[in-house]
Each structure stands twice: as structure tokens, then as C-alpha cells.
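Q: Each chain, letter by letter, is given below.
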Amino acid sequence: MDDKLKELYKSVILEHDRSPFNYNKNESAEHIIQAYNEICGDRFDIFFDVKNGVISNICFHGYGCAISKASTSILIKKIKGQPIDDAKKIVDLFLNNIIVNNSNEIKDEEFTAFSAAREFPARLKCATLAWDEMNKFLTVNGK
Amino acid sequence: MFDPQQIRTHFPIFSHRPELIYLDNAATTQKPISVIRAISDFYEKENTNVHRGIYEMAASTSQKYEEVRQKTADFIGAAKKEEIVFTSGTTASINLVAQSFLIPRLETGDEVVISMMEHHVNLIPWQQACKLKGAKLVVAPINKAGELDLKIFKSLLSERTKLVAVTHVSNTLGTINPIGEILEMAHKRDIPVLVDGAQSAAHFDIDVEAWDVDFFVFSGHKMYGPTGVGILYGKEEHFTKMLPVHFGGNAIREVRFEETVFALPPRCFEPGTPNIAGVIGFGQAIDFVSSFDKKGVKYHLQRLTELATEKLQKVKGVKIVGTAKNKSPVISFTLGNVHPHDVATFLGAENIAVRAGHHCTQPLMDFYKIPGTSRISFAIYNTMEEVERMAIVIKEIQRFFNGR
Chain A
1 MDDKLKELYK SVILEHDRSP FNYNKNESAE HIIQAYNEIC GDRFDIFFDV
51 KNGVISNICF HGYGCAISKA STSILIKKIK GQPIDDAKKI VDLFLNNIIV
101 NNSNEIKDEE FTAFSAAREF PARLKCATLA WDEMNKFLTV NGK
Chain B
1001 MFDPQQIRTH FPIFSHRPEL IYLDNAATTQ KPISVIRAIS DFYEKENTNV
1051 HRGIYEMAAS TSQKYEEVRQ KTADFIGAAK KEEIVFTSGT TASINLVAQS
1101 FLIPRLETGD EVVISMMEHH VNLIPWQQAC KLKGAKLVVA PINKAGELDL
1151 KIFKSLLSER TKLVAVTHVS NTLGTINPIG EILEMAHKRD IPVLVDGAQS
1201 AAHFDIDVEA WDVDFFVFSG HKMYGPTGVG ILYGKEEHFT KMLPVHFGGN
1251 AIREVRFEET VFALPPRCFE PGTPNIAGVI GFGQAIDFVS SFDKKGVKYH
1301 LQRLTELATE KLQKVKGVKI VGTAKNKSPV ISFTLGNVHP HDVATFLGAE
1351 NIAVRAGHHC TQPLMDFYKI PGTSRISFAI YNTMEEVERM AIVIKEIQRF
1401 FNGR
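Chains A and B are the protein sequences, given in the same order.
Under this note's numbering, the residue at position 104 of the first sequence is numbered 104, and the numbers go up by one with no gaps.
Under this note's numbering, the residue at position 75 of the second sequence is numbered 1075, and the numbers go up by one with no gaps.
Only chain A is shown next, with the shape it has when bound in the complex (with noise of 0.2 Å):
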């Protein structure tokens, strides 16, 4: 098999696809975010509370590909519990330094198995669509 395409379906990707964080629904949250694409019609709700500036019971539900639901997943377990503050600035990190720039500072693994999708540019925004949406909501509801 190709190896960019290993890099890209890393088992980390995989193992999300497979047993996502969180996949449930709970139409009773306070914020239900919709990342939707279009183009290909993936699909993600992502519900959350927000108590005392603090994100809590965070899951979502939907239906996409293997890096867009692995990415959600990893989404919701890293600004699970993180004040919105935090919340943002890990979703930052994200899109910038693993997305953009490709740091190599970063080596946590949930993070940069997505670097490989910037050989993919037709994959790039499986990879980034419920950070960009949750992104929306973060600056909107930050400081």
C-alpha cells in the first residue's frame, strides 16, 4: 500500500473510526453544533453543555468518513471538561500547528496523524470540519 496513504490512515484514525469518543446523542444539550460539508454530505452533531465557563458533557453523533469521524472524536475527547478559554486554544493548536504548519513540536499522536492529510488536499477538510465549526463557536463564546 502507498505510504502516504499509511500515513494518513494511521491505526490512531482507525481506532477512532471504530470506537469514537462519545458517539451518542443528546438533543437536550444547551449547544448542539452541525458540521456539515456539502460536498460530500459527512455530517456530525456535536452536543455539549457550557457550566460555569467550562465545556461538560460533550459527545456527538453523525455520519463521515474515517478522518472526519476520527477527527471529531479526537475533538470531543481533548476539549472534553476544558474551560472554553482552553478549549480554544487547543482547537488553535490544532488548525495551525498540525493543519497549516506541521509542527514537529507536537508528538502527540491524536494530533498528528492529521498532518498527513496535507498530501491529500481533497481530504484537508474532512480532517479540519468539526474543529473549524467548533472553532466558530469558541471565538464566538470566549473572551
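The hints are all genuine.
Here are a few chain B residues that sit away from chain A, every Cβ distance over 10 Å (derived from the structure): (1) 1003; (2) 1043; (3) 1048; (4) 1066; (5) 1073; (6) 1108; (7) 1151; (8) 1156; (9) 1212; (10) 1227; (11) 1235; (12) 1249; (13) 1295; (14) 1313; (15) 1315.
If you want the footprint, here are the derived chain B segments under chain A, 3+ residues with CB under 8 Å: (16) 1338 to 1345; (17) 1354 to 1363.
Calculated cross-link-like contacts (lysine-lysine; reagent style DSS-like; alpha-carbon spacing at most 25 Å): (18) B/1395 / A/4; (19) A/6 / B/1395; (20) B/1395 / A/10; (21) B/1045 / B/1071; (22) B/1369 / A/25; (23) B/1071 / B/1295; (24) A/125 / A/4; (25) A/77 / A/89; (26) A/25 / A/125; (27) A/125 / A/77; (28) A/6 / B/1316; (29) A/51 / A/78; (30) A/89 / A/51; (31) B/1316 / A/10; (32) B/1188 / B/1235; (33) A/6 / A/78; (34) B/1080 / B/1241; (35) B/1064 / B/1045.
No lab work stands behind these hints: they were computed from the structure.
Ideal placement from N, C-alpha and C gives every residue a C-beta, glycine not left out.
Mind docking chain B on chain A? Use the hints.
A: Same frame as chain A, but now just chain B:
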């Protein structure tokens, strides 16, 4: 003798990309050198506008442009070249019929009948026209195989039906619809019929006069021609009663500040400078398609489709979506829980080009309760070896995602 290897030599893309296995032909076909040359020759040697210049070069361009109109009429069996309007594609053709033919005739309570397998373009213009006029869009159902139920179809037609719009061949399922029977049913009730030929024009026998179809629409780029050229065939009796909806130069007889007298069809539907080079290239595409024995082409495409179907069915988890008895060389499939885009990315890494997603047929995907499929579609230059290779890679993908 039909020889795909020989045919490939007509297509420069395969010498530039010898490793390419192009199985996305329902999206757009590759272009033969004759089409490419015709376009570059036009710009290099004889670029002028049409219908306006008096000088020889301009007159010659106008003549060539009109010759392609005649060629197109002959290609689809139209009685007159005046029944051919050049548009920018199937999309523009359908929109023109919706705005210029349907909307002025549509009243509250009227109905337009389409099928469940329509491409978004053969759905949205009718849906919007119905919304505007308080009419109803009626959708003829299909069975699980992806075939229309003609009994139900017939029962949906009534004196309220103002138009039937169906696809000749489904771009997602490959189903070939029984156009003859649909036309007969509709015409018994004097209902005009539009047939979307985007997927059929390249490889099927088209005879609009024999079919007695009211409107037939297709695109140049899905039949080895350039993008940006489409055809609207319409019966003369309809065209002469339709008013233009897009206005501009070239489409008029006489203009005053108070009033305009429009040119006769088809000119009145082609305002502005047309896609001249594209139309000339499209003329070459017609020559290219016409140079092959249709039976030979049909047999070749059928063999590719049968082999691909057989090979795919052997892969664990593959489910073919669209299993009509009468099928064109289009195969949509799902692979277990593997998302179509993951399938397409893996195939792409092996230089195999396929389409993945909802194929502009979201309501059809809803019917099958799937978000999308991977789709392979063949053209005359595809080979049995390419099918074998594709099947091997699909098997590898299956193993990668589910095999461990």
C-alpha cells in the same frame, strides 16, 4: 474490430498519464485529440465572432457553427436544425425549458411528474417552478433494483400533468429507463415529455423524431466533447410558442426602446456570443462518436460492466446499488461500513479515478437509506485489465478496513 488499446491512442491524457485508470466517465469523459485540436485550431487560425462579421473569416466561422447545428440534428435524428439550441450544458438546457416552456403554462393545482432517480438538475428547476405557481411535483417511485414501476407511473399521469421529465439513463444507478413506453403513456394524454440524455448521448442510439420526444437535453463533455456546450432539442411546435427568458444581442430581429422583436428559434434562445470554439469542438466529438460501430461499443461496455459486477460481488461487504435488468455501464456500490470517500482516496492513490458521494441524487440516496456510494463508470477506452486492477484494489481496501 473494436480495440480499446487502439482507441486509447486518440486520447492524449493516457500518454501523459500512462498509469491513469479513468473510471469516472459518468462525470466527464476524456477528450480525443481531434476535439482538442479543433478547439486550439479555431483560436489559432480563425477566431472571430459568429453571425455578425461580413468579412470572409467571420462568415466561415458562422457557417462552421451552423454546420455543427445540422450535424447535431442528424446525430440525434431531429428533422430540422432549427430544433437544436446550443446551451452551456444539460443544466442550462433544463432550466431553459423550465423557465421558457413550463412556467408560462403552469397553473395552481397543476402537476409535473419526475422519477425518484433524477439528477438534482432534473428535479430542482421543476420543484422551483411548481413552488412559484402553486403546482405539485409528483415523484414516480422505483423498486429496490432501481427500476421504474410503469403501472404506478401511468397512474400518476392525469389532466393536471403539464410535463413529464425523466432521465434516459440514471447517472447513479445505471438504470436505462423505458423511454418509449413513458412517451407513449404521456402522449396519450397530450403531456409533453423532457428526456435527460446526459448519460445516454455518448453510447446509445438517439432518435428524437422516431421517439417523438418533446425535449431532449444533453452535454458535450460527457460524450468526448468539451465542457461548456450543451444541447436543447425541442420540437419546432414548442419552440415557436416559447418566448426567450435570457435577453441580449444576436437573438433579435429588431430592437426599439419601446419594444423588441425576437429572432426566430433557435437564435432567440442563444443571446450573446456563444461558446463558438466549444461548439466546433463538439462537432468533432460527434464525428468521433459516430466513427464507431454502436453495436461494438455497446458490447465492449457491457463486457466491462459484467466483469466489474462479477469481480465486485466477490469482494466481502460489497453491495451493488442499482441492479436493474437494463443497465448502462455505471456501477454504484457500498463497501461495508467503509465511507465512499475513503474508498475513493485509496483508489486514487493507485491512480484509479472513481466518483464517491451522493452523485447529485440525494433523494435517491435517502430512498436506499445510504449517504452515498462509490461509483465506477466506463467509456470506450476502458479495458478489462483496468477492471481487474480496480477489483484487486477494492479487495485490498476491504482487507485494510475490516480484515484485521
